[in-house]
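Novice: Let's have the full structure, built from the sequences with the hints guiding it.
First to last, the sequence lines map onto chains A and B. Numbered per my numbering, the first sequence spans residues 1 to 112. Numbered per my numbering, the second sequence spans residues 1001 to 1112.
Hints are computed from structural coordinates only; laboratory data are not their basis. Virtual Cβ for every residue (Gly too), placed ideally from N, Cα, C. One thing to keep in mind: the hints can contain errors.
[Claimed, not checked] Sample of chain B residues at the chain A side, in silico, Cβ under 7 Å: (1) Phe-1045; (2) Ser-1048; (3) Gly-1106.
[What the hints assert, rightly or not] Pairs of lysine-lysine residues, derived as DSSO-like cross-links and limited to a Cα-Cα distance of at most 30 Å, are as follows: (4) A:Lys-68 - A:Lys-58; (5) B:Lys-1057 - B:Lys-1015; (6) A:Lys-57 - A:Lys-42; (7) A:Lys-71 - A:Lys-37; (8) A:Lys-57 - A:Lys-68; (9) A:Lys-42 - B:Lys-1015; (10) A:Lys-57 - A:Lys-37; (11) A:Lys-42 - B:Lys-1052; (12) A:Lys-58 - A:Lys-71; (13) A:Lys-68 - B:Lys-1057; (14) B:Lys-1013 - A:Lys-42; (15) A:Lys-42 - B:Lys-1057; (16) A:Lys-37 - A:Lys-58; (17) B:Lys-1052 - A:Lys-57; (18) A:Lys-22 - B:Lys-1057; (19) A:Lys-71 - A:Lys-22; (20) A:Lys-22 - A:Lys-37; (21) A:Lys-71 - B:Lys-1057; (22) A:Lys-57 - A:Lys-22; (23) A:Lys-42 - B:Lys-1022; (24) B:Lys-1057 - B:Lys-1013; (25) A:Lys-37 - B:Lys-1022; (26) A:Lys-42 - A:Lys-22.
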Amino acid sequence: GENVEQHPSTLSVQEGDSAVIKCTYSDSASNYFPWYKQELGKRPQLIIDIRSNVGEKKDQRIAVTLNKTAKHFSLHITETQPEDSAVYFCAASGTGFQKLVFGTGTRLLVSP
Amino acid sequence: AAGVIQSPRHLIKEKRETATLKCYPIPRHDTVYWYQQGPGQDPQFLISFYEKMQSDKGSIPDRFSAQQFSDYHSELNMSSLELGDSALYFCASSPRGAGELFFGEGSRLTVL
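Specialist: Here it is in C-alpha cells:
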C-alpha cells in the first residue's frame, strides 16, 4: 500500500520568511496530493491540492510542486505570518474511492 | 453550504464500555471515510464505505465495526474500549472519484 513520508517534523521560521515542507510517496499509481492545515483539536482543513497531470499549482502565498518521476511533492509558503502556525499534513491517494494516506505532519511555528 | 456532521462531539467512557459515533455526510456524497487521530499523530485510516458497501479497510481493530445506512449516514461502533482508543475520530465524505475529502469537526473520545 501507499506510504507517505514527510519532513521536517518541526519547522520554525521568522515572520515574512518562506517555509518549505517536503513529502515522498511510494505508490506510483497515486494521482491526487492534497495538503491540509490542522490547528490543535480541529479538523484538517484543505489548503491546496494538486493532481498528477500538473507540475505546479499556486494560490496566493501557497504553492505546491509535484515531481512524479521522483515521487515527491512540496508545499511552499511565502511571506509567512503568525497565523500560519499549525500542523501541516501532506497526503496521497489514487483514483475512485481510494483513501487518503497522510504523512506524519510538520509543526510549523512562525515567530513575530 | 452543508458540511459533514459528526456526533457526539465529545464522549467520555470507561474501559470495557461501548461507544457509537455517527457521521452525516454532505448531501450527494456517496463515500464516507473514518479516520482515527491520536495525540500528536497523523490521521490513520480505519474504514470506508461507498454506496453503503465497505470499500476499503485500514487499521481498524476487530473490536470496532462500522456501517453505512440507506440515508448514507455512517456509524462507527467501538466495543471493549481501551485507554489507547482515546483519540479524535474524524469522518470525511466525498463524491466518488473526486479525490478531495471533506472532514467533519471530529468526535473526541476519552476512555478513562
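Novice: Each of the hints needs a verdict: does it hold here or not?
Specialist: Okay, the hints, checked on the actual structure:
no., hint, verdict
1, Phe-1045, "5 Å, holds"
2, Ser-1048, "6 Å, holds"
3, Gly-1106, "5 Å, holds"
4, A:Lys-68 - A:Lys-58, "18 Å, holds"
5, B:Lys-1057 - B:Lys-1015, "25 Å, holds"
6, A:Lys-57 - A:Lys-42, "26 Å, holds"
7, A:Lys-71 - A:Lys-37, "22 Å, holds"
8, A:Lys-57 - A:Lys-68, "14 Å, holds"
9, A:Lys-42 - B:Lys-1015, "25 Å, holds"
10, A:Lys-57 - A:Lys-37, "17 Å, holds"
11, A:Lys-42 - B:Lys-1052, "27 Å, holds"
12, A:Lys-58 - A:Lys-71, "19 Å, holds"
13, A:Lys-68 - B:Lys-1057, "27 Å, holds"
14, B:Lys-1013 - A:Lys-42, "21 Å, holds"
15, A:Lys-42 - B:Lys-1057, "24 Å, holds"
16, A:Lys-37 - A:Lys-58, "16 Å, holds"
17, B:Lys-1052 - A:Lys-57, "35 Å, violated"
18, A:Lys-22 - B:Lys-1057, "27 Å, holds"
19, A:Lys-71 - A:Lys-22, "11 Å, holds"
20, A:Lys-22 - A:Lys-37, "14 Å, holds"
21, A:Lys-71 - B:Lys-1057, "25 Å, holds"
22, A:Lys-57 - A:Lys-22, "15 Å, holds"
23, A:Lys-42 - B:Lys-1022, "17 Å, holds"
24, B:Lys-1057 - B:Lys-1013, "25 Å, holds"
25, A:Lys-37 - B:Lys-1022, "24 Å, holds"
26, A:Lys-42 - A:Lys-22, "23 Å, holds"
Checked against the numbered hints given earlier, this structure breaks only hint 17.
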